[in-house]
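Construct the entire structure; sequences and hints are all you get.
The chain contents come next:
Number of protein chains: 2
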Amino acid sequence: MKETTLRLTVTDKSTDLSRPQLNMEKLRQTVERIFEDVRQNGDEAVRKYTALYDGVDISQPLVTERELAEARQAVPEELKQAIETAYRNIDTFHRAQFTARMPEVETAPGVYCWQEARPIEKVGLYVPGGSAPLFSTVLMLGIPARIAGSKEVVLFTPPGKDGRIHPAVLYAAERTGISRIYKAGGIQAIAAMTYGTESVPKVYKIFGPGNQYVTAAKQYALQLGTAIDMPAGPSELMVVADETARPDFVAADLLSQAEHGPDSQVICLSDSQEFLRQVAAELERQLKDLPRKDIAVQSLENAKLIYVDNPADTIRIVNEYAPEHLILATGRNDFYIENVLNAGSVFIGNYTPESAGDYASGTNHTLPTNGYAKAYGGVSTESFVKRISFQRITPEGLQNIGKAIEILATAEGLQAHQNAVSIRLKAISNE
Amino acid sequence: MKETTLRLTVTDKSTDLSRPQLNMEKLRQTVERIFEDVRQNGDEAVRKYTALYDGVDISQPLVTERELAEARQAVPEELKQAIETAYRNIDTFHRAQFTARMPEVETAPGVYCWQEARPIEKVGLYVPGGSAPLFSTVLMLGIPARIAGSKEVVLFTPPGKDGRIHPAVLYAAERTGISRIYKAGGIQAIAAMTYGTESVPKVYKIFGPGNQYVTAAKQYALQLGTAIDMPAGPSELMVVADETARPDFVAADLLSQAEHGPDSQVICLSDSQEFLRQVAAELERQLKDLPRKDIAVQSLENAKLIYVDNPADTIRIVNEYAPEHLILATGRNDFYIENVLNAGSVFIGNYTPESAGDYASGTNHTLPTNGYAKAYGGVSTESFVKRISFQRITPEGLQNIGKAIEILATAEGLQAHQNAVSIRLKAISNE
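In order, the protein sequence lines correspond to chains G and C.
By my numbering, the letter at position 399 of the first sequence is numbered 399, and the numbering carries on one by one without gaps.
By my numbering, the letter at position 59 of the second sequence is numbered 59, and the numbering carries on one by one without gaps.
Simulated from the structure, these hints should not be mistaken for lab results.
Model, not experiment: these values are computed from the prediction.
Heads up, none of these hints are tricks.
Each pair of labels, with its calculated beta carbon distance range:
| id | chain 1 | residue 1 | chain 2 | residue 2 | range |
| --- | --- | --- | --- | --- | --- |
| 1 | C | Asn302 | G | Arg316 | 50 to 58 Å |
| 2 | C | Gly331 | G | Glu431 | 18 to 26 Å |
| 3 | C | Asn211 | G | Gly149 | 30 to 38 Å |
Quick reminder that beta carbons are idealized off the backbone N, C-alpha and C, glycines included.
What follows is the structure in structure tokens.
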């Protein structure tokens, strides 16, 4: 058997962690062409590109009740129960994180202000096809949409060469109450949700991961006025570990991220060079038996094992890198919890693997990559609503703040803004 | 004196309320050119474009302590007090709407999950120049940034021909604790915040209104990976009124929006044709004395007075249009409050003018226009943070959900994800 040689070496805190620049521009012409075709020709264009890129002719893209029934039959009982466990925990966490209405505040006597969440009525979910049937992503997007109360939730996912969708994806979609499931993927799927077609409703926001074509298409949809969950890049894991951690656990976590794709990035920071060398040895050892070993090896070529001798530099590197996933396995996790500013999701302690959050602990796995954790959080129930402000002012309330408004409006040179107050104050004093 | 003839007629519920398509593409080449120049030449490029577009040579763009002291002297006491009233109410509302940490949830026994808000460290605020000194926008962006805890808050605003910034803008910026104020506007300002220069820090998110150049520049910044508050379009007001409302108040509100710009859109819906005719007459009457009458007249050319005879159709039109501002002045406001899905900010009752929310009631005035209220809320304290998920799982917790994770990971074909759990479960059972 051929020996895998990773040649992973321990480096120091000056290690360059800058990410390769994603260039969406090169796909732009393709994206624009397909969008324009879908805008003009609707379903027929979607069918054309599905035949071209997925190699299958789909005359009826909408999944039927019969296909759903078959999926229910095909999914093993054990998997159904595991999905149920995941569903329950995701549902619990996404309900707890959400408050539909803030209490009314009387900002000044007689001035009542509050905010209420209202669902985004029409949302589109995208679930990639390819080698793995990502039914977990269906749950991660479908459950918060349901809690938020979105009325129309549509899901697009590319069909296999046999024209079918993996039964677990259909089962998870039905379980989360998704109204319509379409057998289409790629740029044409995003275009269909952006413009609407004969059979697809135009949605207001599009969610979900995807390859570079889907990502470029979502960026274009954003420019056209459709909201998106967040920009996307390759998946990432950063582990901060010291000698209280176990190198075999850490290596298993790094591999779980590395198997996602050749461009996944995994990084381990430690104040022990010996620990990092043990992680490197464990990586070699555990890698051997992985079905997705070829992918993991490519990803590990970009892996970093970095020796940093103090917590201050460690947290600086974490915040500068802004990892999608951060595992803390040290004797001073509280210090890192308190000081982490930029990360998508944080996993604390030796028994909290990142894959728990990918599937079943309850947190969301749709998270900011590529440094976007500096400005974006992951998908949450909040992502499926918008907050509307409400205010009600009594005549006394307007008397309390009216003078200030008149002065401010006048100072900004906006006389009609002042008049809207003055005409009311005059009416009140004439009463 | 020349008579103003508005020729406003009452139309019916079939009235076309579709907005003109904004086309950012035509400005794209200019935006790309200036961005590239700023990326390569930094401060010198910013100075060049300020000379070109603002007609003034600014060798030192950073506002000095001396300029701030002069502004403190120049702002009249009455205006300072009005700013203080606005500050207090905005601060109260933006603190009340914000919860830094959700309670920890035990999603399954031994599985602890929670979310915490962390500030976006570096944010850039843009305040337009032009005819009105928009110090109110300084407060609306600066106060939530301060509450959120953003460490570095920079503000850009274009200088006047005399190279100065209006003292009220400087005063408001200092009052909200903004760290640095730059005398630059337009595309070059957005580019400077996107890339950073010798004197400007690269920020993670850019906020604030602007003309079409600024809007196109923000869209481009978004594509380059810098977050923005929201896409922008012309300002809008929709009023729903019946005979319990006062036509003079409604006309004053419509004019307060119309004076913003020639492309502002104002719409009044009513179940009384007579009421709408009275509003039209009041518009004519009140328009006469406005300093910004020429702007308002242009805007009113696109105004709509729409007769709708029932609440169901009325709320359907409201939700389909998704107005930035919505005034409810009817005998059944509760029905509309309950059923409004798409609006930026809602003003309830006869004594709640929109200008209250523009300045001093406490709600934010940076709101979604152009139908974006279907997917976006206005700026809030939440806009200056991102939510990080945290989870901590005990050995018992992992035993509770581990099996489900193993099954789910295997079904998705991700063996290394399963291994990260299995290796731990094995360690636990060996202890």
